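Trainee: Letter by letter, the chains look like this.
Protein chains: 2
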Amino acid sequence: MLVEIITIGDEILIGQIVDTNSAYISKELNRIGVEVYQITSIQDDRQHILNALEDAKKRVDLVIVTGGLGPTKDDITKETFCEYFDDTLVESAEVLQNINEIFSKYIKKEPLPANLKQALVPSKAEVLQNPNGTAPGIWMEKDNTVFISMPGVPYEMKHILTEEVFPRIIKKYNRPYIYHKTLLTYGMGESAVAERIEDWENNLPTDIKLAYLPSLGRVRLRLSSKGKNKQALQKAVDSQMEKLNTLLDDIAVGFEDETSIVERVASLLIQRKQSLSLAESCTGGAIVKEITAVPGASSYLKGSIVPYETQKKVSVLGIEEALIKEYTVVSAPVAEAMASSATKLFETDYAVATTGIAGPTKGDGKDDVGTVFIAIASPKGVVSQKFSFGNNRERVIIKATNKAFEMLLKEILKN
Amino acid sequence: MLVEIITIGDEILIGQIVDTNSAYISKELNRIGVEVYQITSIQDDRQHILNALEDAKKRVDLVIVTGGLGPTKDDITKETFCEYFDDTLVESAEVLQNINEIFSKYIKKEPLPANLKQALVPSKAEVLQNPNGTAPGIWMEKDNTVFISMPGVPYEMKHILTEEVFPRIIKKYNRPYIYHKTLLTYGMGESAVAERIEDWENNLPTDIKLAYLPSLGRVRLRLSSKGKNKQALQKAVDSQMEKLNTLLDDIAVGFEDETSIVERVASLLIQRKQSLSLAESCTGGAIVKEITAVPGASSYLKGSIVPYETQKKVSVLGIEEALIKEYTVVSAPVAEAMASSATKLFETDYAVATTGIAGPTKGDGKDDVGTVFIAIASPKGVVSQKFSFGNNRERVIIKATNKAFEMLLKEILKN
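For the protein sequence lines, the chains are A and B, in the order given.
Residue numbers for the first sequence, in the working numbering: 1 to 415.
Residue numbers for the second sequence, in the working numbering: 1 to 415.
Since the hints were made in silico from the structure, they are not lab data.
Keep in mind that a hint or two might mislead.
As the list makes no split between identical chains, a pair holds if one copy fits it or if it spans any two.
For lysine-lysine, the following DSS-like pairs were computed, each having C-alpha atoms within a straight-line distance of at most 27 Å [unchecked claim]:
(1) Lys226 / Lys124
(2) Lys209 / Lys78
(3) Lys362 / Lys158
(4) Lys386 / Lys362
Predicted model only: the values in this text are computed from it and were never measured.
Based on the provided sequences and hints, a complete structural model is requested.
Mentor: The following block contains the structure:
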């Protein structure tokens, strides 16, 4: 059983927004054994929508369309579905009730005529209720292909997908089991990883697929397989993954989904009842943001400071001014002092500190843009490392953030 | 002249990564008058790639393919291009030299055989040099359609696009001028905005297109037009945008691209030689991260603190313990005290403070998940507001961040 996702919206094709819905839908479909064959993004244009629906029908069993269902004039998906299915729009009592409920409960105003028009659906469509918004999802069929239309607003789409679409897919289609497992590695290039695991890769069973996903400072290695027998499948992939993990012992930091590096740090600190603080200069809050994005951060994160101005490293964080004068603010001794001071200020076992030049301008120091010192304070002392992360501000911050988590995890595991 | 972007990679279709390359390419193409007709994401599968290339040829003049060019076995784009163009791979001296240079300069090791294989390109291809990586881009033609293949690694792709692809497109194709202008509004729903501007929208010239882009707490309104005469086009769109801006005077905060709300705050503070600090509890660094992501932040941002543990709001930030006891930590008085204390600790004119319950658990307070107090301290005093942002942690943090910038800008404009 194959799916195509069609996302409708000029904003995607002019690059004004990044289409994140497709990745979400694909990932969730995989969990219930449904494979996405293609993702197609098209314009808010009647003929283009009609062509895309017809092309997709030739390729797949189920077509999931998002976008173009808003109350304004630029949204034409519903009307175009009507044309494709040779149907007419009729008012749905259940959708109308939902719209009135949303307005009385949340918006506390009378719905506008444009809002009430959202209750119109193609007469042959099955309604997929959207309690989070006024645009309903719809389910229609043509020549044995199912067509689903959902709003593009992510949290509305997600609810309809889980609550309305999935139960219907599970009932209607016979699906295999799809299993992915991804190993996260830090600090070695893609080709070097490939060379090290070459023998193992050559002996991999043909029904297990290996993929390399390199990104800044890390390579993710994904094993995928599908089949009828869930347990046999999992066992086969897990056993290969165990071999791979052993081969990459020194650079592997865990499995994706199961645990990100942030979650791994979190669970170790929570388990050991230890605490963390941060003093971020050049990363400017990027590290603490990753930490607080994960529920439960308050169990181990005591606090964080961004002493952005040099003088604040002295007055708020308590670094000695003489140290900065002697070594400059972008230096190993200052990074280490920042980490130590953070453990004192926030009374924590561990601290992460960064100081560097994110760019684009060099500042007044001697170092190049991209120079970053990262220090980790632990109960055993303070360590630091110097990096050159290139001259792109965004990439410097991302690389420094990734590297900081890698160093922190290493120190925690040593203790 | 129309373009299709094809992104290749199973990781996209299983939802492991979000395809951000397409949005980047689309936006940049628009700047040089090139319109993207469709974006297609497909699997690392020979037949699927061949089908997608052939289908795209029927739709557009130029096909831009990214991904599948790595040195490992799962990457098959180059071989499949060879098959599609009935060509063979030959070693390119210039690519080989680039690979050797990258290894001697940055990696400081000898290239592996897998790296050297990257120097093979189809014999009919024009090489698009990639100084940031070992996989070259290629440019090929068939039946008047141009096919470009580039690596999927974003910063490699971006360099090739700007330095190699664009000069060739500009030379080869006659292009119209495309102009978009987007107004950012905060605090009013899509339908209410549509109702207010209905008369204006109905009288909009047919060659200017209006789009509504709603997201958490904001609606973006985009006007688009294309044509031969750049100045006439800009003038027509700008004059409509001026009318729209006047109609939405109370909710408009500026134009996208030109200035984000963060950049607007930054430029006002820099211009007025005023300074900013933050005390973020429930937003956990998300606000300061947005601020420091923009170059020049050090001109006005003195520092920021995340006093995550309640006790640290007392010991580090200097809030009175009695205040927290009386009102609880998630309260207007505590938010206001946090903002005031931040201005003192970091010696700034303005401060932003947040305290709330991001969830998923309620904590020990009386308030529901999603309750957030945001306070802004300015030279004129402190203001605060209470919000209910729902029960999804990620959305609570994003909404609070957006709202904080909106409130901060409003206070700055009052002063």
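Trainee: Taking the hints in turn, state whether each one holds.
Mentor: Evaluation of the provided hints:
For the identical chains of this complex, Lys226 and Lys124 are neighbours neither inside a copy (35 Å) nor across copies (38 Å), given an alpha-carbon limit of 27 Å. In this assembly of identical chains, the alpha carbons of Lys209 and Lys78 lie at most 27 Å apart only when taken from different copies (19 Å versus 39 Å within one copy). In this homomeric assembly, Lys362 and Lys158 come within 27 Å of each other (Cα to Cα) only across copies, at 23 Å, whereas the closest approach inside a single copy is 44 Å. When the C-alpha separation of Lys386 and Lys362 is checked against a cutoff of 27 Å, the pair qualifies only within one copy, where the shortest distance is 17 Å, while the shortest distance between copies is 41 Å.
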